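Heads up: the protein sequence lines correspond to chains A and B, in order. For the first sequence, the residue numbers in the working numbering are 383 to 822. For the second sequence, the residue numbers in the working numbering are 383 to 822.
Quick caveat, the hints were computed from the structure, so don't treat them as lab data. Source: prediction; values computed, not measured. Watch out, some of these pointers could steer you wrong.
Once the Cα atoms are required to be at most 25 Å apart in a straight line, the calculated SDA-like pairs of lysine to any residue come out as [to be verified]:
1) B:Lys461 x A:Phe800
2) B:Lys786 x A:Ser577
3) A:Lys788 x B:Leu542
4) B:Lys465 x A:Thr796
5) A:Lys786 x B:Leu783
6) B:Lys432 x A:Glu539
7) A:Lys733 x A:Leu687
8) B:Lys461 x A:Arg753
9) B:Lys465 x A:Tyr802
10) B:Lys465 x A:Phe589
11) B:Lys432 x A:Glu549
12) B:Lys522 x B:Phe776
13) A:Lys461 x B:Asp590
14) A:Lys423 x B:Tyr584
15) A:Lys423 x B:Leu542
16) B:Lys738 x B:Gln715
17) A:Lys733 x A:Ser689
18) A:Lys461 x B:Arg753
19) B:Lys625 x B:Lys685
20) B:Lys788 x A:Phe578
21) B:Lys786 x A:Pro585
22) B:Lys465 x A:Phe578
Number of protein chains: 2
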Amino acid sequence: MLPFAEAFFMSSHLPSSQSPRIVILGAGFAGLRLARKLANKPVQVVLIDKNNFHQFQPLFYQVATAGLAPSSIAFPIRKVFHKAHNVHFRVAEVDRIDTLSNSIHTSIGSISYDKLVIATGADTNYFNNKQIEAHALPMKSVQESLYLRNRILECMEAALVADSDEERAALMNVVVVGGGPTGTEVSGALAEMRSFVLPKDYPELDFDTMEIHLIEASPRLLGPMSKDASKRSEDFLRSMGVKVEVNTLVESYDGHTVTTKDGRTFITNSLIWAAGIKGNVLEGIPEELIIANGRVKVDSTNKMLGSDNVFVIGDVAIMEEGNFTKGHPQVAQVAIQQADQLYVNLLSQLKGKKMKPFHYKDLGSMATIGRNKAVVDLPYIKFQGFVAWVFWLFIHLMSILGVKNKFFIFLEWTVNYFTYDQSLRLVIKQKPRDGEASVK
Amino acid sequence: MLPFAEAFFMSSHLPSSQSPRIVILGAGFAGLRLARKLANKPVQVVLIDKNNFHQFQPLFYQVATAGLAPSSIAFPIRKVFHKAHNVHFRVAEVDRIDTLSNSIHTSIGSISYDKLVIATGADTNYFNNKQIEAHALPMKSVQESLYLRNRILECMEAALVADSDEERAALMNVVVVGGGPTGTEVSGALAEMRSFVLPKDYPELDFDTMEIHLIEASPRLLGPMSKDASKRSEDFLRSMGVKVEVNTLVESYDGHTVTTKDGRTFITNSLIWAAGIKGNVLEGIPEELIIANGRVKVDSTNKMLGSDNVFVIGDVAIMEEGNFTKGHPQVAQVAIQQADQLYVNLLSQLKGKKMKPFHYKDLGSMATIGRNKAVVDLPYIKFQGFVAWVFWLFIHLMSILGVKNKFFIFLEWTVNYFTYDQSLRLVIKQKPRDGEASVK
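So that you can see chain A by itself, here it is in the shape it has in the complex:
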């Protein structure tokens, strides 16, 4: 370790340790998994995230549509490591990495590393369309999902006092762009709100006039899934009154009018953008390793090309492997499996043993469209409908962190199922205060 890295080391207020230090950036599926595996192993782990909680992304859409409380799908990271004294968690923003001095520079000072694992995930991709970015509603964090919920409810309140039918329609309509799992699931959940919840809350509004559009650029929804899954999910959505537009590319949105490439327009104050993601890259990663959508090239062991001690896992990594010539799908399963493999490899490397290449094992994929309506593709069987929906519920419940979260989500779902009435329709906004200072 270089002498000035030692100075950084001091400034980061980390306890000194004889064990090699592994710094993990990001506590999503990949980073958290790796840190948990490394708990109480002969390494010092520094886990860094900008939030003090892990987020369960697959259920963001239920927070956005008032079905679940944010606390049900966000889990305090410190709680995970109560019994792991070699894991040090820090809330910080990472400014850049410096592979020459083996250190990272963050909002709480610099930290040196022996090995660095970049697991920063991905964020919404607007494909450089600044106008859409300024007006669209993303759904890639608990905060954004809450914002979306508030926005939809505020639009309904505003619709009550709208001055014209046009204004009211714009406030009530929702356009969802992107027919992947996120777009499909949120469209379905919105359709259920329109059927079961909103008419009871707003008897003065006519919800037969409320339009929900789902716009997808490719020829079918849920592109990476089977044709059966695509077909059935589109059928489900249409039966629930969602207007599905495939082969349609959104070109612009000014906060009021959505214009497509073939010249059609849709009027809405609420455009949900779920049309793409891009990796969260950091300054200091060599430019030539970053591909167009922000993914960083790694070798078969998730090592960043040209580096010895920097690894990249999860959504932000791109690895060529067998049939995955354009990288693996950016899903939780890949992130988790890469974390598991890297855990084994890091321990091997420390022992001077050879690392083993990563092989993705596709366990299948699924999406839920509404009550009793889901689609599931498993390696040897594909099914849709009620059984798929129960399967979806079970898998998601089992995947979420913490016994208490599982239990509370199970209860919420059970209550919602029988009452047809999610009760979390709260617009809770924290206003910035006058004269607010930082905590320091």
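Given chain A, work out where chain B should sit, using these hints.
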């Protein structure tokens, strides 16, 4: 009704009705109670609040100390009135009232009334100390309670990387000003966080050095309660390590140093201000009816003095009655009982009958300091400790709106009781977005 009031009527998008219109401002304990009583009665009710949810104030401190989710103590107002088609709820800020034209002016336009009920409650009183207002943390809404939670957790994160012992102490210490129920309860809850939760989350910090001070200007805590209750709650707090300072007046706070009138200083980045409240008065209420702490003078039927059709109930009203020569205590019980009496009187007035004066029936008061530690004063019996604590839990659970909320709070409390570990330590902040427009 005046012609231009009729025009306002149109602009408010309310359905026309042959029934007299009662406009209620505020959906706290008083306003919501009255609106619920008037459901499906031969009147048109317009209920206005700036939030779309009712807040259960007695449990704010549990949100602030990560024991309950905001959604557990906030209840969507529209859900209350699903079956009450004569009640129209609107989210709006009220700018002023105009008693000459019988109308109110709001952020969503003007609304005329036949009878107006002001139930706007009370907010934090800083007694014109702008410096304290700029730096102190209030706890008079769900939003403020959430902000307080975030703030305390952020201070702990910052303490981990503090540059000096002084800085760390300022970040960890908390000073609570005001020994009423709010200040007493939050001090106790903070002491329990310090004992049971924070050391597990932050093993790198030494919580033996964390100081919690509760400062009260009068000679005893819980002034309006019995001496037994005051004594025992102070004993409870001291046994939990809270430093109670009575007969102490806070004079200034600059965000770092608290200075008292007798010249003592306390160092903290977190000062919780629960030292007083003031009524939320509206422009248009005659100045001479408003007393120093923002309460509005009413007669024995809660009618605003000098008016025929404007009523004021709850915390914002002040009525002389029997022994209550300086008004009733500003508590939920008074608000609820005034709403009940006004309900009877409004119906009487509509039938041309005489209204009856309000008489407050004190059902008792209570406060909880920690696990198994509460104080209860009932009219004929006073008790403290475990039985009081169970009684407190039971009463609060029964008072909260909604079966589901009751059930979820009961579960949270049960889990927290056995695990000694609230798991809601999430810092979820909604950042304002670039280019954000209003919903219109």
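Violated hints - listed by number, lowest first: 3 and 19
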